[in-house]
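The whole structure should be built from the sequences, with the hints applied where relevant.
Protein chains: 6
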Amino acid sequence: MTEFNLPSVWIQELTWQEVDSYLQREDRIVIVPVGSTEQHGPAGPCGLDAYVAIALAEDVARRKGVLCTPPLWFGDSPHHTAFPGTLSLRTETLMLVIRDIARNLARHRFNRIVLINGHKGSNLPALTTAVRNLHEEELPGVLFAVADPLHLARSAAGRIKERPEHHAGELEISQMLYKYPELIRKDRLTEEWVDFENVFGGFVGGDLFGPAPEGVDIIWSSREQRTFTPSGSFSPSARMSAEKGKAYHEHMVERLSEFIDWLRGYKGPIGGAA
Amino acid sequence: MTEFNLPSVWIQELTWQEVDSYLQREDRIVIVPVGSTEQHGPAGPCGLDAYVAIALAEDVARRKGVLCTPPLWFGDSPHHTAFPGTLSLRTETLMLVIRDIARNLARHRFNRIVLINGHKGSNLPALTTAVRNLHEEELPGVLFAVADPLHLARSAAGRIKERPEHHAGELEISQMLYKYPELIRKDRLTEEWVDFENVFGGFVGGDLFGPAPEGVDIIWSSREQRTFTPSGSFSPSARMSAEKGKAYHEHMVERLSEFIDWLRGYKGPIGGAA
Amino acid sequence: MTEFNLPSVWIQELTWQEVDSYLQREDRIVIVPVGSTEQHGPAGPCGLDAYVAIALAEDVARRKGVLCTPPLWFGDSPHHTAFPGTLSLRTETLMLVIRDIARNLARHRFNRIVLINGHKGSNLPALTTAVRNLHEEELPGVLFAVADPLHLARSAAGRIKERPEHHAGELEISQMLYKYPELIRKDRLTEEWVDFENVFGGFVGGDLFGPAPEGVDIIWSSREQRTFTPSGSFSPSARMSAEKGKAYHEHMVERLSEFIDWLRGYKGPIGGAA
Amino acid sequence: MTEFNLPSVWIQELTWQEVDSYLQREDRIVIVPVGSTEQHGPAGPCGLDAYVAIALAEDVARRKGVLCTPPLWFGDSPHHTAFPGTLSLRTETLMLVIRDIARNLARHRFNRIVLINGHKGSNLPALTTAVRNLHEEELPGVLFAVADPLHLARSAAGRIKERPEHHAGELEISQMLYKYPELIRKDRLTEEWVDFENVFGGFVGGDLFGPAPEGVDIIWSSREQRTFTPSGSFSPSARMSAEKGKAYHEHMVERLSEFIDWLRGYKGPIGGAA
Amino acid sequence: MTEFNLPSVWIQELTWQEVDSYLQREDRIVIVPVGSTEQHGPAGPCGLDAYVAIALAEDVARRKGVLCTPPLWFGDSPHHTAFPGTLSLRTETLMLVIRDIARNLARHRFNRIVLINGHKGSNLPALTTAVRNLHEEELPGVLFAVADPLHLARSAAGRIKERPEHHAGELEISQMLYKYPELIRKDRLTEEWVDFENVFGGFVGGDLFGPAPEGVDIIWSSREQRTFTPSGSFSPSARMSAEKGKAYHEHMVERLSEFIDWLRGYKGPIGGAA
Amino acid sequence: MTEFNLPSVWIQELTWQEVDSYLQREDRIVIVPVGSTEQHGPAGPCGLDAYVAIALAEDVARRKGVLCTPPLWFGDSPHHTAFPGTLSLRTETLMLVIRDIARNLARHRFNRIVLINGHKGSNLPALTTAVRNLHEEELPGVLFAVADPLHLARSAAGRIKERPEHHAGELEISQMLYKYPELIRKDRLTEEWVDFENVFGGFVGGDLFGPAPEGVDIIWSSREQRTFTPSGSFSPSARMSAEKGKAYHEHMVERLSEFIDWLRGYKGPIGGAA
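Residue numbers (the numbering used here), protein chains in the order written: chain A, -15 to 258; chain B, -15 to 258; chain C, -15 to 258; chain D, -15 to 258; chain E, -15 to 258; chain F, -15 to 258.
What the hints contain is simulated information worked out from the structure, not anything from laboratory work. All figures in this text were calculated on a predicted structure; none of them were measured in a lab. Not one of these hints is a red herring.
Sample of chain E residues lacking proximity to chain D, with all beta carbon distances greater than 12 Å (derived): (1) P124; (2) S139; (3) E146; (4) A226; (5) K228.
The list that follows gives simulated cross-link-like pairs (lysine-lysine, BS3-like), each with its CA atoms no further than 30 Å apart: (6) B:K228 - B:K170; (7) D:K163 - E:K163; (8) F:K163 - A:K163; (9) B:K228 - B:K163; (10) E:K228 - E:K170; (11) D:K170 - D:K228; (12) E:K163 - E:K230; (13) F:K230 - F:K163; (14) C:K163 - B:K163.
Some chain E residues judged to face chain D by a derived CB distance under 10 Å, without partners named: (15) E2; (16) Y6; (17) T21; (18) G25.
We put the beta carbon where it would ideally sit given N, CA and C, even for glycine.
This is the structure we're talking about:
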């Protein structure tokens, strides 16, 4: 592995010449953390998803010696916008932001761009289509990847958590507690959850890491959300713990590290255009 | 159930006054079939995904007495565009098409709009974000749903198929054979498949209905696709049969019918705005 | 003439390898049928314009051995959107759809793209500007053409019809009767028409195939349309007949066939860029 | 008729309070002249189409006492852009410009907006779709009309001119000579013309005011145009005369004046929304 | 200096071959005058800013022998749109118009494009970002410059005027009086002005050419503007004079002429890409 | 003054209910820090402009008890994109991001939105036009303001610095040293500067806080920038000091605090719509 001896993994903390020195290596990997600012129930901070992306990005970057761009604090969360503090980009705006950032990175010769999404699922349509189209049309020589807790912890989550996890639940609250304990309001933890069976008739699953029904995706708005979960809690957070947070977080950092290793050795067809 | 006595379930075959008569009922459901025109390996027709959407839409519409719009033959398939016959809309274009159609339907007082996507997965970012944003910003009084074989047959698929199913595989080829047998080139069935482990290092699953790895989404282009599957076959199609096709198709029609029934009785908060 | 021995003229019914085999010839012509889903008075189906495009495309394609893309069922019809069943794309959306499809076709090396518009006139602004700009800016090596009943039957129409023809009139209803007789409600034929002189003061002509006034184009909305033609009939349909439909349709197929022949032999400057 | 006693018909020459005083009347008509800056052969100025729009607008406005906006000098002319001096807006840009101007006019309570297009035909897709969509979606209370020499002089043109007229021909050169004689280079008049039969095989007519073929629209680019008419002359201009120009121009002013009169008395459904 | 012997400096008054002859020189400079149509108080015409741009462009072009495009009469003035006669383009529309015109000019090999903005300040965001992005992304071989009275007369203005100048004030009214005396309503001159201290608390300066406060930009709408200046006058115009107008105008023409001279001799890095 | 007793001024660190409690007051002020990620010469970090915005926002927010949104790390910097580490949004993208965030804030009833721009000048076109259009068209009840060091320190800067300040100069490097000393590479401070007179002929000023020439704005690209300042330093940074940084920073915090005070007491017409 190429040695990494810059004073920070964050581009915003480096001079351009330091970034330039990193680009002399062959494996020019960069991580882009993408978050969201949105309600996370009575106990979680509005920036939770961004903190998830930042923490994952920073920990894997330090462990593997790769650079990160500054985080994007804003994601695609229209269904939360009836709750104050939610600041959502429109899907098209988010696509443009990702495209602009990726074009700059590619111009500087980064050739492996890994988006880390902290906003489980909901940012993925914008992120994956933005980079898919860019890779097809403009940047064949860049390998793009999109990482998300939903996939990184697909099976591990079930071993760690006790309750269904959808939004503002046990796992992500625990992860915050582990990494940023001052951001959790421990006196506001809750057993409140959304009865998906009742609201969505068994067609939409209430545990993003659990077995899903043979379903149909039913779209809800933020106003409707306030009627079926006035507190914004979709999943019980009361059983959170720093230990669970650590297990969940470190599992993902480990899996991401394996991915970075694979990227470094990868010689296949993806992203290999001249 | 309200009686349905129009000469067709397809709006394109009805006069506007016939459509208007349907809108006198309380449950003003409409189905929008969305397909794709893209390569489906040596044995499958380019329009396969659209035929899937059309067949599902028509069968459930006839069974439950609801209307369908004409199909959209074009979807979001940039990763197949290096294969002749693939006609892909850009993600943003598809979003606009869905939005325009939905706005017209809502203006005519349809209040439950069910998109049926025949293009497993790949159209979903455009479809779900288009209707999610529309529901949030403009059409709170419409309930939107998006149905997709990936979810409708989530567990059933595993009981029916023998091999991994990604694209142009046993299940969708069987479904075609069952519904449109003349569209399958039986002499071109194949055992060819993509070795996902080899190409994507175990981070991307090769069976959309099977257990998925703890993964990272790796983006590939159509040019790259032609290098790792020159025939366009991702999954073996040789073991297809009309019986499998029937089991797969009828399972989904049944599940969609249950959904229509649920929609008819639904009194919850979604889509209930004045 | 190059022999055509594929099982269908429709790309959606062919495998990509069959489409590829067609592209080995020198004259790589493709037809794109563009319709509309909109009210066509008490007797005509909402999909009439799309059926016109499909029937013209299929008949000329079979006669001359060229390929067709799947049809676009949706066109640019804002002035009909107050009538249920009308599903109109915004002008900009239609331009984008045409552009996306044309770019894909050009990428696959089709070099003569013929749009057949079934929606007399109203789609033309979007269609002609979309391909004009594409040809100027991106695809100089493709010859684009746009065919429309208004021009194909410019003089013949007058010999066939007895009454003024604007929308939902004798000619297009006859054409449906000839090609898709089950789609016409014969008990709903009508003598109703719009008195253009009265509504538009002699500045807008009421017969699209007749002599036009020295005029000014006056724009009307769908709501206004419902006031001046509550049934949606602009032109009398009562004198329709399958014979008139045959004469009208076959005239256009013949003229389109002459055009395909001319295209095959064409060696001039248009679309000849390297 | 309401008296008009402002010092100019041009909004750009009036104070806002003068414009405001005009808006106290019931018939709040405004004319928007839309031109083009593009090659007009060896004898005609690049601004010819804009001068046509300006002259028509000013003469009818003075005769009937209505206001005009400043002219738009730029139109939609991609097919001329290989000739220096051509300054073409993209179709979408022109649509946005028209929309912005119309929205401002409507906000100020103008309720009849007449676009006068000097660029025969080629601007019409952008102009008519822009105002059609605006009238349908946002401004039901405004009557929009689009006037164009092609329609205003549809039959009169044939009585005045001796030769086919397509672009830079006898009629529009004569009109310039009549209104702006210093803009015509009399020593560069030409008999050059484009042999449409030869270039377009009889599917595209070479006389915009003459009988048209049963045709198909064939799209050409500006580069191709330079090959089939290196001088930019589509139609012979040598027989131009100020008398022909006067007859042509005054005929159109007269027809436009009749239209303004009709607008003033109009009580029908168009543009009558509250 | 290359000799200039064309009959006009305005492209709209020249044939394309005359424009072409100009392009044979090495310094292919072109001026684009950009104005605005907006209220200018009780004494000034709505087109004032466009007349400023036209007069500056024409005078410098004649003096230095360079070409001008036709003027754009419309600018970015949302904050004036509550006053009749204001016709504002949206910022994005103006950016597109500038981009389209610049692309055409560059295609014709103009290599120095000077925008002259008559609308002090308010058009600058659209103009500068449009050409900055174009120069960065598409047209590295063109040198773009943007001239504005605010900068051209930065220090001279203070020597000429007696009163604060913001909008519709002494300087621009004087300039009109000097160049287009018939456009000023001398009986409507006014001492009215906006008390910026009172409205904006000392954070926004009321003299665009005077010392500015340590400030914060406070955004106001056109409706708000009508409350704090019902007449539209921001600055006193009563002390205007043709002499002041001449001093102000000729100072700017002189400075622009120096700039053209510098451009002609310039050999530096800007706009020098192959 | 209303008491502020939330645990943080940053929305990302608060729960939605804490944000909601803040919105019970009458003066619902929020600060949006907007930065940039771009080269800042050999001694400054790429994120310098974002750190400026963050530090100003946080310090004034804490002093006056108002909330801040998370920062936007990306700005409009095309002219720096040839230097690695620069991550620039396109102007239109930045406008959309600001618009989306502002719409969310307004929906939550924030009624005074103060953008603090750390990227001196270059972000302003996007920021001011975005909020100006939003205030005019959609959000008349919100008062928008845009603060920028260029204006906040307009005269004070001259008293503090010794050398011309354009980009990466003495003042902003000093400000970093004062607030984030670890981000400055003290061994890379430089006396390098851009000779504006030589590059831009005296038409563009090299000191953003100094007297400006009677000028013309000349646009340069990032590639050109690398030729005239290979290190990216526009202004000497060698004389920086924490004392200068403190004086500069605290002056701006003080001025912003005065602005917040004024906003709280403001009863004028701006942002007062129902």
